[in-house]
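Number of protein chains: 2
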Amino acid sequence: MTEREDAQPVAVLGLGALGSVVAGALLKAGHPTTVWNRSPGRAADLVGHGAIPAATLAEAATASPVVVLAVADADAVRAVLEPVADALAGRVVVNLTSGRPEQARDLAAWTARRGGTYLDGAAMSGTRAVGRPEALFLYSGSRETFDSAGPALRSLGRARYLGADPGTASLHDTALLGVNLGLLTGFYHAVALLGGAGVPAPDVAEVVTDYLPFAQGLLAEHARQAELRTAPPDEGTLEVLAAAVDHLVATSAGLGIGTDVPDGIRALLERGLRAGHGRDGLPSLVGVIAGTEVTR
Amino acid sequence: MTEREDAQPVAVLGLGALGSVVAGALLKAGHPTTVWNRSPGRAADLVGHGAIPAATLAEAATASPVVVLAVADADAVRAVLEPVADALAGRVVVNLTSGRPEQARDLAAWTARRGGTYLDGAAMSGTRAVGRPEALFLYSGSRETFDSAGPALRSLGRARYLGADPGTASLHDTALLGVNLGLLTGFYHAVALLGGAGVPAPDVAEVVTDYLPFAQGLLAEHARQAELRTAPPDEGTLEVLAAAVDHLVATSAGLGIGTDVPDGIRALLERGLRAGHGRDGLPSLVGVIAGTEVTR
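Read top to bottom, the protein sequences are chains A and B.
Going by the numbering used here, the first residue of the first sequence is number 1, and it counts up by one from there.
Going by the numbering used here, the first residue of the second sequence is number 1, and it counts up by one from there.
So here's chain A without its partners, still in its complex pose (with noise of 0.2 Å):
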């Protein structure tokens, strides 16, 4: 444990894959850190690390301002706050347990009827990035409570604060994991078909880092697009896109390999090309996804 002049007392309650290393981070920075598990035994390693062990929960939730959260879902986390509820006047709940944006929204009333206040958190590069600079974590709630919890958030990594609503955090989460889901799975297609062509997956995988740069620099300008309303075929027209892919599912057909992941993006484009965007550009894909109208 290194001094530090901002450094923040903070209680982790919960000491599971995410639990543990948001403890041992919080540590590592410098901030006295209690901890609690309902099972007990996982706190040992992080005890000799620093940790200040709580006997009972009652100790826990009340042995700093800053009450941190990382249990198994939501039922968790009321079965861990309710027999605490009377500690929690003046406290501030940061809640990085996974669940759904009604349920953010349930525990913050909740939590604000006991005098708390409460910060949604999703954790969203996994555990083992926890602490550093690359780790990225989303808070959605109160903005006193996301400031005043500042330098213990920005121990686990990037904090990035989404507004007001509990459940906008929980909500991003579900929608990156698309994002994550559909990188990756063109990935592993990717590696599936060039590997029936015998290119080695590490190849594939250097191939396709040099080239992501591109094609994340076109979100922002097809964000504006479809913030716009308007698609221009800059990148090719959806017409063309279905052909190539076409192409890809034949080629994948050909080689003997699946086509689930080019059949999912196919039956986008065809909707996009029945609803009449075949000479538009790819961002009005966004438009038929949502249901509005786009303009050529």
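Bear in mind the hints are in silico, worked out from the structure with no lab data behind them.
Note that the coordinates shown come from a computational prediction; the quantities given were computed from them, not determined experimentally.
Incorrect hints may appear among the rest.
[Said to hold, decoys possible] Derived list of chain A stretches under chain B, where covered just means 3 residues or more per stretch with a C-beta under 8 Å from a C-beta of chain B: (1) 124 to 130; (2) 213 to 227; (3) 237 to 250.
[To be verified] A few chain A residues that face chain B, going by a derived Cβ cut-off under 7 Å, partial list only: (4) Leu-18; (5) Ala-85; (6) Leu-176; (7) Gly-178; (8) Gly-195; (9) Thr-209; (10) Asp-210; (11) Gly-258; (12) Pro-262.
C-beta atoms are modelled at their ideal positions from N, C-alpha and C, and glycine is treated no differently.
Based on the hints, put chain B in the right spot on chain A.
Using the frame of chain A, we list chain B on its own:
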């Protein structure tokens, strides 16, 4: 046109969207550039920037040791090259026209019979980036040709040589289309989903851009796992991810938006579950797509 020591005379045949920016980038980099287009009138702007206009196809084909083709398709390539077949001996043909692997192999063999060498190229970053370091071109075919045309090719952007099989650049192009559309359709779905909750599209682009380095960082490791045919469930098992995608589908449907994108991903996960990979990690999907075995 600036003077440079390694200036390399190049002829660009075809001045459509790609050919004209390729010729422009070569001129800007100081290479003496001859230009030709089947229908006249396209060259005027480039000539104003120092390009040498070829009056006939024969004049263009014999103007320089390096002949770059950027026309509509493989048929157009043959239509351009056949009349000047006798002039190709000792020349280097770089074909940037999109095509299929077997077409690239045929063209390579055809060019070799005329005493020329053939390099197939794929422009992986649209047209706007051409000439800038962020542009990426993939090449396959004769290594000697790739090296000898190096100064010109490097003026177009990053030049990556993939191997002696002339078809591999085209196959990579097809595979990378799947990666690009996997990422973009995942992004469009996120824009539609979060848009339904009032989040402006540019804000979604910002969060996704902030998030992508994590997803990208997984590629190399997942490639290693695919190569070893092992898939530890570090980032979540297929079971857990299938449940999360079910939630993404349900949330999307609840907001009245289309589900093609998550449906396609879910179909692949289902195939993974049925193949017995419920407790394996995501990279087991490579084997599911490829139809090969993956062990835990």
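Q) If you take the shortest Cβ to Cβ gap from Gly-258 of chain A to chain B, is it below 7 Å? A) Since chain B brings a Cβ to about 4 Å from Gly-258 of chain A, closer than 7 Å, the hint holds.
**Asked** Does the interface hint hold: is Gly-178 of chain A within less than 7 Å of chain B, judged Cβ to Cβ?
**Response** It holds, given that the least Cβ distance between Gly-178 of chain A and chain B is near 5 Å, below 7 Å.
* To do: Return the status of the interface hint for Asp-210 of chain A: holds when the least beta-carbon distance to chain B is below 7 Å, violated otherwise.
  => With Cβ-Cβ at 6 Å, under 7 Å, it holds.
Holds or violated: is the Cβ of Leu-18 of chain A closer than 7 Å to a Cβ in chain B?
Cβ of Leu-18 of chain A sits 12 Å from chain B, so the hint is violated.
Is the listed coverage of the segment 124 to 130 of chain A by chain B valid when you require three or more residues with a beta carbon under 8 Å from a beta carbon of that chain? Satisfied; 5 residues make the cut.
Problem - Interface hint compliance - Ala-85 of chain A to chain B, C-beta minimum distance less than 7 Å - result: violated, 28 Å
Requested in this report: Go through the hint on Leu-176 of chain A and say holds or violated, using the shortest Cβ distance to chain B against 7 Å.
Outcome: holds, 5 Å
- Interface hint for Thr-209 of chain A, Cβ within 7 Å of any Cβ on chain B: Given a least distance of 6 Å, the restraint on Thr-209 of chain A holds.
*Quick check: the segment 237 to 250 of chain A, covered by chain B? Criterion 3+ residues, Cβ under 8 Å.*
As far as the segment 237 to 250 of chain A goes, the hint holds, because 5 residues have Cβ atoms under 8 Å from chain B.
Status of the hint placing Gly-195 of chain A at chain B (closest C-beta pair under 7 Å): holds, 6 Å
With 7 Å as the cut and Cβ atoms as the points, is Pro-262 of chain A at the interface with chain B? Holds, about 6 Å.
query: Given as covered by chain B, does the segment 213 to 227 of chain A meet the bar of three residues or more with CB within less than 8 Å?
result: holds (count 13)
The structure shown violates the earlier hints numbered 4, 5.
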